[in-house]
Structure formats: C-alpha cells, structure tokens
Amino acid sequence: VHLAAICPLHLAVANSELQRFLISMRDLGVCLCAIGPIWLRAHELGVLSECVTFASLKTPTWWACVAGLGCLYYLHAYIWNAPSSFTALCRVQPLRALGAHPVAIFARLELLGKLWQFGFVTHFLGRAGLSSALSAIARIPLWCGAVAFMYIAAGQALNFAMYKAIGNAGVYYGFKLGRNVPWATGFPFNLGLRHPQYVGVVLTIWGVVLLILCEEVATLGLCQVCAAWTSMYFVMSVMEQVGDNTAAKDG
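Residue numbers (my numbering): 1 to 251.
To be clear, the hints were calculated from the coordinates, so they are not data collected in a lab. All values derive from a computational prediction rather than experimental measurement. Please note that a few of the clues may not be correct.
[Unchecked claim] Straight-line alpha carbon distances no greater than 20 angstroms define the calculated EDC-like cross-link-like pairs of lysine to aspartate or glutamate that follow:
#1 Lys-58 with Glu-215
#2 Lys-176 with Glu-110
#3 Lys-176 with Glu-240
#4 Lys-164 with Glu-110
[As the list claims (entries may be wrong)] Pair by pair, the computed Cβ-Cβ distance ranges are:
#5 Gly-178 with Cys-71: 24 to 34 angstroms
#6 Ala-128 with Ser-85: 37 to 47 angstroms
#7 Phe-54 with Tyr-163: 35 to 45 angstroms
#8 Leu-142 with Leu-111: 31 to 41 angstroms
C-beta atoms are modelled at their ideal positions from N, C-alpha and C, and glycine is treated no differently.
All chains should be built: construct the whole structure from the sequences, respecting the hints.
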C-alpha cells in the first residue's frame, strides 16, 4: 500500500473526528447558554449564592437523588457497551415480559426509568419543597415564564422530532440490537447539533428549574442536582461519540 493512498484516508478520518468534536462543542455551548436566564432569575430572587454553593453536596439526600437519577444512564451505558449481554437477558424473564424485541424492552425500561427519576426528584424536594415550587410558578414574572415555556417547548420539540426521524429503533440503540436504522439528515439533525435529543432534555430540565426556582428550592440544592443531571447527558454524548451509527451513513 502506497503512503500516498494512506495519507488522504487518515486526513479524511481526522477531519471527520474534528467535525464531530466541533459539533459536540456546539451542543455544550447551547446547554451552557441555557443556564443564563436561571442565573439572572437567581440573582433577581437573591438566591444566587445558594445556587452555586457546594454546601448541599454534604447532605446524603442530595447524593441519593443524584445516584437515583444516574441509574437510568448506567442502564444506557450497559446496553451501549454490552448489547449482546442485554439481548440475552431479554430472552428470559422478567425482561421478556416487557416486549418481543430488545428495542421494545429498552423503550419500556426507559419509561420506567423516567418515572423512577421523577420519584427521586419529588422525594428530594419533599412536601415543603413541592409546595414552594408550586407557589413559585404562581408568582413567576412574565419574562421568566416566557423563557421557561420556550425552553420546555423547544426541548420537547427536539425530543419528539427525534422519534419521528429515526423511531424507537434509532433512539434505543437499534443498530446495536439488531435493527436497521437508516441515516437521517432532516430535522432535527439539520440544526447542526450532534445530539439534538440530549440538548432537548437539558433545555427541558432548566426550563422547569426556571419555573420553580425560589429560595426554598435553591436552598435544597436543586440547581446543583440539575447541574449533575445535565453532566450525565454530556457523559452519555461522549460515550456515544465512539461507535456511532456511521455504517448507515457510509451505506
């Protein structure tokens, strides 16, 4: 093999990896910019110090909430890195009762995981925190409510667009679990984002924070919980950066 033939190939691979990295940085930039209005709202409420302190990290309940939220992403990492093992588990009970194919089973586990996460967050807030959050929504200023609505609407638009573009098979690692997933180039993949769905989830998380932010919620450390939650999606995107469904694109 001639060196002249190898060098262009290596250069093309390097350019492709650089492009992926830059697009991923765009995802990160969007997510970081989304924190801006939360920062302004916290300053307006006089709770900015509570939103950036590490004091909440000293409480067992904070770590329990973060650990509970992370369980779903441990499942993602397991399926991504050991799809054959997960497929084998899907052939026996209790997972077999959830569906006929690993993709369907993964989708139902994801739904259960979201309910699990909701339970951990509500338990973390407690009755007093939930009451304060509802009161905060009732007295939220117009600008804040408008931004929160925009975040949540945009986030869910990206989420539903992903399902429409690639279906359950694409969202739930179908190309690793025996399903053919064609390469999609339309919305939301034409926005220049590497992981549109993850960006959408992060926008939704911070949109909800913006809605319910108040002194009681800030003191509990919810902003720090959501910062940790957001970082989990960043870790997931890095994991999926290696071994993406490039074969379908090449085909």
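Okay, the hints, checked on the actual structure:
| no. | hint | verdict |
| --- | --- | --- |
| 1 | Lys-58 with Glu-215 | holds, 19 angstroms |
| 2 | Lys-176 with Glu-110 | holds, 16 angstroms |
| 3 | Lys-176 with Glu-240 | holds, 12 angstroms |
| 4 | Lys-164 with Glu-110 | holds, 17 angstroms |
| 5 | Gly-178 with Cys-71: 24 to 34 angstroms | holds, 25 angstroms |
| 6 | Ala-128 with Ser-85: 37 to 47 angstroms | holds, 43 angstroms |
| 7 | Phe-54 with Tyr-163: 35 to 45 angstroms | holds, 37 angstroms |
| 8 | Leu-142 with Leu-111: 31 to 41 angstroms | holds, 34 angstroms |
Violated hints: none; the structure is consistent with every hint.
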